[in-house]
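Protein chains in written order, with the working numbering: chain A, 1 to 165; chain B, 166 to 271.
Bear in mind the hints are in silico, worked out from the structure with no lab data behind them. Take these hints with a grain of salt, some might be off.
Straight-line Cα separation of at most 25 Å, BS3-like style, residue types lysine-lysine; simulated pairs [unchecked claim]: (1) A:Lys90 - A:Lys24; (2) A:Lys90 - B:Lys270; (3) A:Lys109 - B:Lys270; (4) B:Lys268 - A:Lys162; (5) B:Lys268 - A:Lys161; (6) B:Lys224 - A:Lys90; (7) A:Lys88 - B:Lys224; (8) B:Lys224 - A:Lys133; (9) A:Lys88 - A:Lys24.
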Amino acid sequence: MSQTIFFILSALTIISALGVLFAKNPMYSVLSLIACFFTVAGHYIMLNAQFLAIVHLIVYAGAIMVLFLFVVMLLNLNAETEPHKTSKIKFAAVIAGGILFLTIIASLKAGIPGAYHLPVKSNIGLVEIIGQKLFTDYLLPFEVSSILFLSAMIGSVLLAKKEKR
Amino acid sequence: MENTIQTIPQNWYLLLSAFLFCIGVMGVLMRRNAIIILMCIELMLNSVNLLLVSFSAYKGNSDGQVFVFFIMVVAAAEVAVGLALLMSIYRNVASTDINVLNKLKW
Chain A
1 MSQTIFFILS ALTIISALGV LFAKNPMYSV LSLIACFFTV AGHYIMLNAQ FLAIVHLIVY
61 AGAIMVLFLF VVMLLNLNAE TEPHKTSKIK FAAVIAGGIL FLTIIASLKA GIPGAYHLPV
121 KSNIGLVEII GQKLFTDYLL PFEVSSILFL SAMIGSVLLA KKEKR
Chain B
166 MENTIQTIPQ NWYLLLSAFL FCIGVMGVLM RRNAIIILMC IELMLNSVNL LLVSFSAYKG
226 NSDGQVFVFF IMVVAAAEVA VGLALLMSIY RNVASTDINV LNKLKW
């Protein structure tokens, strides 16, 4: 049962990720990236990471992709204005990506454990456990990330502001 | 779903995230629109997140999920700043083609 779900989710993930690459219109790229994020959230639920699945949906599909959509609409990008590389460069890019994939697979073949047959805990993805980790072991990075957010907010407002001439 | 970890070997998750990462690399090499390149970087970050979550689930240790949380935070900040930069670039050269932006190339 869960193998079937895994295969369906993986196929959807890969198809929508390829859709990001090969869509002519940037709008369709954004939409297929949103589909990809939804399927990745499905994978998180399969892996007992419920909190992360929800955060992933809210942050990526809810915030980041809306930002992308707004920028694509604001810049008025469409298939006609879309720059394209020559087919030689595209071919070279596909070959390079394939060789990278081959290298990773070859390095995985050396020493990968199969399924862990340990008594696996299934509650590690709940808010309670993650929150306890976040506010005890990882308190300093958590606070620093708030400063990062503040500086990113100020920086993006300053960068996107129109300069007076 | 407790039986996911028992019935699916971890190699499948490794293969899936390696493939997603390679798709992201291909996109960065293939496309010329800067927004699409930013989206392909997001794809690569997502594949790494999936890998971390799978290791955390198969080891029964939630540290990996905290790391994924921080990666999401950094990705959100990165996208906000990157898109603001793109907006100001577009205002200056009226294009998001990366081949126009070759002033720093030598």
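Hint check results:
1. In summary, the hint linking lysine 90 of chain A to lysine 24 of chain A is supported, as the alpha carbons are separated by about 14 Å, within the 25 Å threshold.
2. Distance check on the hinted pair: lysine 90 of chain A and lysine 270 of chain B sit about 21 Å apart at the alpha-carbon level, within 25 Å; holds.
3. Simply put, lysine 109 of chain A and lysine 270 of chain B have alpha-carbon atoms about 39 Å apart, too far for the 25 Å limit, and the pair is violated.
4. In summary, the hint linking lysine 268 of chain B to lysine 162 of chain A is supported, as the alpha carbons are separated by about 22 Å, within the 25 Å threshold.
5. Only pairs whose Cα atoms come within 25 Å are accepted, and lysine 268 of chain B paired with lysine 161 of chain A is accepted, the gap being roughly 22 Å.
6. Distance check on the hinted pair: lysine 224 of chain B and lysine 90 of chain A sit about 39 Å apart at the alpha-carbon level, beyond 25 Å; violated.
7. Using a Cα cut-off of 25 Å, the hinted pair lysine 88 of chain A and lysine 224 of chain B is violated, with the two alpha carbons roughly 44 Å apart.
8. For a cut-off of 25 Å, the pair hint linking lysine 224 of chain B to lysine 133 of chain A stands: about 16 Å separates their Cα positions.
9. Under the criterion of a C-alpha separation no larger than 25 Å, the hint pairing lysine 88 of chain A with lysine 24 of chain A is consistent with the structure, at around 17 Å.
Consistency note: the structure conflicts with the earlier hints numbered 3, 6 and 7.
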